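Number of protein chains: 2
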Amino acid sequence: MKKIQGGVTAPEGFLAAGVHAGIKKSKKDVAVIFSEKPAVGAAVFTTNKVKAAPILLSMENIKDQLISAIVVNSGNANACTGEEGMLAARQMLDETGKCLGIPISQILVASTGVIGVPLPVNKVLNGIRMACQALSREGSGAAAEAIMTTDTVPKEIAVEFEVYGKTVKVGGIAKGSGMIHPNMATMLAFITTDIGMEKELLQETLREVVDESFNMISVDGDSSTNDMVAVLANGLSGVWVESKEEEAYLKFKNALEYVAICLAKAIARDGEGATRLIEVRVVNAESLQKARKIARTVTSSNLFKAAVFGEDANWGRIITAVGYAGEEITVEKIDIYLGKVKVLQKGVPLPFSEEEAKEELAREEVIVTIDLNEGDANAVAWGCDLTYDYVKINASYRT
Amino acid sequence: MKKIQGGVTAPEGFLAAGVHAGIKKSKKDVAVIFSEKPAVGAAVFTTNKVKAAPILLSMENIKDQLISAIVVNSGNANACTGEEGMLAARQMLDETGKCLGIPISQILVASTGVIGVPLPVNKVLNGIRMACQALSREGSGAAAEAIMTTDTVPKEIAVEFEVYGKTVKVGGIAKGSGMIHPNMATMLAFITTDIGMEKELLQETLREVVDESFNMISVDGDSSTNDMVAVLANGLSGVWVESKEEEAYLKFKNALEYVAICLAKAIARDGEGATRLIEVRVVNAESLQKARKIARTVTSSNLFKAAVFGEDANWGRIITAVGYAGEEITVEKIDIYLGKVKVLQKGVPLPFSEEEAKEELAREEVIVTIDLNEGDANAVAWGCDLTYDYVKINASYRT
Chain H
365 MKKIQGGVTA
375 PEGFLAAGVH
385 AGIKKSKKDV
395 AVIFSEKPAV
405 GAAVFTTNKV
415 KAAPILLSME
425 NIKDQLISAI
435 VVNSGNANAC
445 TGEEGMLAAR
455 QMLDETGKCL
465 GIPISQILVA
475 STGVIGVPLP
485 VNKVLNGIRM
495 ACQALSREGS
505 GAAAEAIMTT
515 DTVPKEIAVE
525 FEVYGKTVKV
535 GGIAKGSGMI
545 HPNMATMLAF
555 ITTDIGMEKE
565 LLQETLREVV
575 DESFNMISVD
585 GDSSTNDMVA
595 VLANGLSGVW
605 VESKEEEAYL
615 KFKNALEYVA
625 ICLAKAIARD
635 GEGATRLIEV
645 RVVNAESLQK
655 ARKIARTVTS
665 SNLFKAAVFG
675 EDANWGRIIT
685 AVGYAGEEIT
695 VEKIDIYLGK
705 VKVLQKGVPL
715 PFSEEEAKEE
725 LAREEVIVTI
735 DLNEGDANAV
745 AWGCDLTYDY
755 VKINASYRT
Chain Y
365 MKKIQGGVTA
375 PEGFLAAGVH
385 AGIKKSKKDV
395 AVIFSEKPAV
405 GAAVFTTNKV
415 KAAPILLSME
425 NIKDQLISAI
435 VVNSGNANAC
445 TGEEGMLAAR
455 QMLDETGKCL
465 GIPISQILVA
475 STGVIGVPLP
485 VNKVLNGIRM
495 ACQALSREGS
505 GAAAEAIMTT
515 DTVPKEIAVE
525 FEVYGKTVKV
535 GGIAKGSGMI
545 HPNMATMLAF
555 ITTDIGMEKE
565 LLQETLREVV
575 DESFNMISVD
585 GDSSTNDMVA
595 VLANGLSGVW
605 VESKEEEAYL
615 KFKNALEYVA
625 ICLAKAIARD
635 GEGATRLIEV
645 RVVNAESLQK
655 ARKIARTVTS
665 SNLFKAAVFG
675 EDANWGRIIT
685 AVGYAGEEIT
695 VEKIDIYLGK
705 VKVLQKGVPL
715 PFSEEEAKEE
725 LAREEVIVTI
735 DLNEGDANAV
745 AWGCDLTYDY
755 VKINASYRT
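Protein sequence lines, in the order shown, are assigned to chains H and Y.
All residue numbers for the first sequence refer to our numbering, where the first residue is 365 and numbers rise by one.
All residue numbers for the second sequence refer to our numbering, where the first residue is 365 and numbers rise by one.
Because the hints were derived from the structure by calculation, they are not lab data.
Do not take every clue at face value.
Copies of the same chain are indistinguishable here, so a pair counts whether it falls within one copy or spans any two.
[Said to hold, decoys possible] Simulated crosslink set (EDC-like; lysine to aspartate or glutamate; CA at most 20 Å straight-line): (1) K530 x E724; (2) K413 x D699; (3) K697 x E526; (4) K706 x E576; (5) K427 x E526; (6) K710 x E502; (7) K710 x E448; (8) K756 x E572; (9) K413 x E696; (10) K710 x E447; (11) K615 x E572; (12) K389 x E720.
All figures in this text were calculated on a predicted structure; none of them were measured in a lab.
Kindly generate the complete structure, drawing on both the sequences and the hints.
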């Protein structure tokens with residue numbers, strides 16, 4: 365497997381575009397991703413009980429076998445906008461279907477931005493027309509830009525691998541920033557691939573991969589009304605996967621994991637106001653579920669996140685978060701490392717060099733390892749530090 | 365019922381003291397509360413799986429019928445300090461027992477401050493001796509000061525009521541600030557009363573009252589290793605309560621609720637870096653549990669808390685938090701008010717005056733009402749805004 369350029373348009377047969385429709389002042393705000401051949405689609409959606417209109421429509425459409433396009437706007441979440449909002453989301457589907465000449469049931473629609481403000485429908489529809497016109501095999505970067513809200517960088521990745529003498533590509537774009545929390549939180553990620561497989565297998569694979577990537581990141585503990593991760597597989601590589609045991613499947617899953625984790629980490633790293641990526645590794649846990657729960661709880665701790673921002677080796681906040689994760693633990697077995705510096709051994713503090721610990725916390729990627737010493741399940745979660753800028757951004761996002 | 369002076373020393377027979385033992389640079393850091401007559405004790409402790417040494421000892425001692433004293437140090441949590449920490453906590457009990465001439469099983473011990481640093485035992489023991497010497501009927505204020513960590517004001521309250529021709533008093537002190545979250549999080553609260561009742565009834569009453577007071581506040585979502593709420597009832601008012609149906613019981617419970625909610629709100633208001641108290645009222649819910657869960661989830665939302673700091677009427681963050689509280693809701697039934705300004709009606713945004721909404725958010729006590737319109741259960745939760753100072757305090761707490 366190797367990294368390649370091209371994002372969602374790297375795989376065969378995918379086009380994309382991102383345009384400025386005027387929802388935002390000057391930045392791109394409408395994106396369309398299109399597969400020339402109708403693709404098998406799979407998706408996971410926010411677990412928030414309040415779901416935005418586009419999410420409700422996409423949940424309906426994903427039930428069908430085939431998906432040909434994804435249409436997205438940023439700058440407005442079209443959430444809590446009542447009947448009018450549903451109508452607006454349907455109009456987005458209609459317009460996209462008309463422009464691309466495809467049934468509206470083959471389209472996923474997503475929105476991200478401020479909640480509870482009516483979508484400026486005419487601007488969005490006009491943007492969709494422009495985007496459909498602008499679709500190209502080089503459009504991934506523009507699409508990645510067009511789905512951004514408070515993100516500071518577009519997030520894009522693609523890889524390819526060889527199997528059965530053919531080349532398979534997997535590409536993705538994502539946006540994150542605020543309201544990011546495990547269980548799909550507004551985080552959007554769209555992944556394309558030219559491998560082919562049945563819908564059920566694709567859905568199952570996506571579910572598994574999301575659980576170890578997007579569901580393992582946390583920026584601020586808030587789960588949004590608009591989250592969605594979708595993957596489209598159009599089969600144009602000529603590789604068709606039948607079973608989970610096949611080499612092609614294993615290679616594909618590996619590539620999908622790589623793409624998903626790259627995008628997830630990029631989202632965590634670019635969390636609102638963040639200066640550092642925090643990677644929390646929980647190792648030797650009794651169960652995967654426990655390892656994940658604890659890793660996520662630590663990355664979600666405001667106190668620990670603020671300590672990382674301050675480069676303060678306050679490991680007490682780590683063990684505290686381990687303790688309130690709601691899982692049974694044996695404190696007397698736990699070791700904790702900040703980077704390579706061991707600070708807790710079998711539940712007892714070790715004397716350590718403050719300087720070395722500070723150095724570990726000053727890295728762009730801060731790695732914390734929590735060894736439960738009780739089993740063999742491991743999990744990794746990602747988060748970011750809590751900074752003045754997080755408060756600044758969120759104290760005045762809407763106004 | 366009326367408010368009176370005196371805090372924990374207002375009820376008959378209680379003495380208290382707070383002294384500077386040198387754990388902190390110059391502020392008071394050791395407190396002792398003493399009942400001249402052994403009191404019936406009840407307590408609830410942190411649910412964190414990692415429990416500090418003093419918590420473990422207090423959990424043991426509270427099983428006995430009688431408690432005569434509470435000894436507390438601030439500046440060091442004596443948590444994650446291994447066998448040495450247990451020994452230090454036991455020495456605190458021994459010294460207090462010796463100074464006061466009471467069995468160590470009649471003493472509760474608590475610590476609050478930095479985690480994982482060995483307790484400076486000699487300083488603490490010396491402080492205990494000084495505090496026991498200094499015990500007085502006017503010592504509540506000094507004790508309230510001595511349990512503070514990053515609190516900016518001491519928290520103290522007392523009330524009295526008449527029943528059966530006698531006067532019953534209830535008083536309390538508390539500390540909070542960082543690491544405050546529902547389910548006992550370091551929050552300490554000590555309540556005294558001169559009413560008398562059986563231990564089981566006192567424990568049950570405390571449990572109920574804690575669920576609607578201390579367990580309904582959140583500063584930062586982190587639950588500490590050291591939390592504890594204890595109540596001592598020494599019976600010296602001459603009023604003995606036998607059953608829950610009695611007038612004296614109802615009046616006492618009412619007074620205990622008042623004291624507990626006052627202290628809980630004082631903790632939320634004084635959350636690290638906070639400029640405002642946020643009160644979230646969830647009304648007309650199907651069940652009390654649901655109302656509480658939703659109220660707590662909203663007060664815990666970083667995004668909403670930052671919006672309050674910025675006086676930004678971003679009610680979308682409220683409905684989002686309602687949605688991820690994990691409870692079944694019907695968006696189409698929900699009304700939301702910021703103070704008196706209705707912003708959402710039956711799930712649909714209402715046009716509202718930004719100016720009026722901003723005014724509501726600029727108050728010292730910001731009140732949010734979420735009407736689920738589905739039942740008759742109500743709950744109130746308290747929190748505070750998320751500010752630059754929260755980050756500042758927590759980026760460099762230890763160093």
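request  = Taking the numbered hints from earlier one at a time, note which ones the structure violates and give those numbers from smallest to largest.
outcome  = 1, 3, 4, 5, 6, 8, 12
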